[in-house]
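Protein chains: 2
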Amino acid sequence: MKTYPIALVPGPVSVPQKIREAWLTDFGSSDLEADFYELYARNQGLVQKLLETKESVVITSGEAMSILWGGVKSALRPGERLLAVASGLFGEGFAEMARAIGAEAEIVAAPYDDLPDPRKVREAARRYRPQLITAVHCETPSGTLAQNLRELGEIAREVDALFLVDFVSSGGGVPVEVDRNLIDIGLLGSQKVLSLPPSLSVSTVSSRAWNVFERVGYSGYDAYLPWRKVPEVHALPYTHDWQGMTALNIALEAIMEEGPENAYARHARAAHLCRTMGLEMGLTLFPMREEICSPTVTAFNIPDGWTWNELDSALRSRGLVVGGNYGPLDGRVFRIGHMGSQADETLVAKGMGTLEAVLKGR
Amino acid sequence: MKTYPIALVPGPVSVPQKIREAWLTDFGSSDLEADFYELYARNQGLVQKLLETKESVVITSGEAMSILWGGVKSALRPGERLLAVASGLFGEGFAEMARAIGAEAEIVAAPYDDLPDPRKVREAARRYRPQLITAVHCETPSGTLAQNLRELGEIAREVDALFLVDFVSSGGGVPVEVDRNLIDIGLLGSQKVLSLPPSLSVSTVSSRAWNVFERVGYSGYDAYLPWRKVPEVHALPYTHDWQGMTALNIALEAIMEEGPENAYARHARAAHLCRTMGLEMGLTLFPMREEICSPTVTAFNIPDGWTWNELDSALRSRGLVVGGNYGPLDGRVFRIGHMGSQADETLVAKGMGTLEAVLKGR
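Going down the list, the sequences are from chains A and B.
Heads up: the first sequence runs through residues 1211 to 1572, numbered per this note's numbering.
Heads up: the second sequence runs through residues 1211 to 1572, numbered per this note's numbering.
None of these hints come from the bench; they were simulated from the model.
Since this is a predicted model, take the numbers as computed values, not measurements.
Some clues are possibly wrong.
Which copy is meant is left open, so a pair is good if it fits within one copy or across any two.
DSSO-like, lysine-lysine: derived pairs with alpha carbons at most 27 Å apart [stated by the list, open to error]:
| # | residue 1 | residue 2 |
| --- | --- | --- |
| 1 | Lys1228 | Lys1212 |
| 2 | Lys1228 | Lys1259 |
| 3 | Lys1330 | Lys1439 |
| 4 | Lys1330 | Lys1228 |
| 5 | Lys1560 | Lys1228 |
| 6 | Lys1560 | Lys1570 |
| 7 | Lys1259 | Lys1212 |
Using the sequences plus the hints, can you model the full thing?
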């Protein structure tokens, strides 16, 4: 379906018209123009403000998977060790990435409907002595939100590891507090809370991380190193996406105008309404406890008597598109995305009303 | 400068309004929709037709450097050997990429204003026994076009190497003939002849190349392997860029409507006019011979009495933006881009008239 009448997907979310209009300008060549570097610097400053960091910000071209790969490859050499804090597919994915480059990996795991226990993370970190500890703030497929980033960040410092956090689908909708949480490498996607198309990626990089990146010396499209000096030298590792960077500026300015606190409150309200309406109509949350549910996406168990394909078709026939799932949750859990442009109580009420009508209509 | 009044840059080229309007649609999630996979397949078919290949087509998200890196990393393991056929920065870059991943590399080099001698390539290939031979069709910084792809492709077959060709800035403006030229990995950028923003990359992959990719087993954002089964399994390695894919469809359909032969003739005419007007106003071509000049970009020596910065400022004050250079050609050679939307005799005449007025005005 080209355009969703009622879009409640867990990303790419509905892109507002004023953001899409960034593409109507026929921009020049990003490589050649001081204007572009000024825009890049402005966006860096806005991201620092939004994610509460004084450290570097890197904005690259490519879907968010590019910075997941780039973060792992930039921070680890073959033979080094990654400790993945995981209660979902993306958390586990970091271990797979490490193994793919000849590094070793261990996972401190919890069931997908729960969060890993930080005490187990500390034990594992002290024993395993990883160079990199990875965590996922919002596990989009599971609808959970990590509650203990600061503690994980402290553990990483204790064992002299870098702390990488995937906040691809939470940043901007939930406070991320990069510096307070001791996050060395922070990863944000464009098609989630920022409500852009899936073509840009945003990262925070601490000076600790830059030092490791220099030691590792990784080269590639997704390498961070060539971005370190972009603000000073005005040279890019490839031709950047000026339309995308303009769209990012519109999105960031909109969050600043609203006020990040107000944006977080809007996400919390939308999520609360989604959960409340879902529970009232007899659905059950996939996460074990409501407190660990993400304000950006809600995961419900597929109700008895329905297959995902049947439910998806029935919802689509009424204009509502939500997310299914994959991996072990495929066919068991579905998801309502209410992040960015979709963190809107009116929209959520409309979507959940449609869902209720479909479930009752059976 | 946000928008160029007279754009004759060697990419990213001016993006036509009808292509930019692809972003006005609020597309759904590429992961979820059969429509998207149909569009992907349609674009694959159009690329096959344009580049004259029956082999696979892969369309990824990220600037063209992503497929340059991805091609080398997918085709070579550490310790293996790359032979780079090079008479320019991009040709040499493939050797650097190979070395960055622990492979070895040798360069068959020619001066930047000339083309490498295929006899030397054959000698080197027989002696060095590379796993991968790389060549650049159009060396954008030098304005040269390789004339002997078929011969290079035959050499690669003789020594059982893959043949990778960067036709990033020529494909669509010059016949590439992937199958006839025995190209195993063909690389095309979005912001050159296709006249899209710099956010998509297009590759051709032969079955020989897929077999090597399987053996090498490279994993990463820029890895080719996960794309092999996209058409059958309807699963993507990351969320694709639906707006970008729609823009690509508009661009490809426009070339098909015009007819590839007519598009090539238009590029040849624009290039001929550019060279003729340049020579008439006393400029000298950077390439040694007019026969090796690319129909997509013309490189002239910066005339005596001018620095690049002075010339660039003077041209910009009249609305004309062209390309400078970098590496060894920085400050010595400048470039007129007449590819894609800019392969237009009226535009070239206007731009070259402006250039002449500026040079005479001194």
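Outcome of the hint check:
no.	hint	result
1	Lys1228 to Lys1212	both (19 Å within a copy, 18 Å between copies)
2	Lys1228 to Lys1259	within (22 Å within a copy, 36 Å between copies)
3	Lys1330 to Lys1439	neither (38 Å within a copy, 39 Å between copies)
4	Lys1330 to Lys1228	neither (46 Å within a copy, 56 Å between copies)
5	Lys1560 to Lys1228	within (23 Å within a copy, 34 Å between copies)
6	Lys1560 to Lys1570	within (15 Å within a copy, 67 Å between copies)
7	Lys1259 to Lys1212	between (35 Å within a copy, 26 Å between copies)
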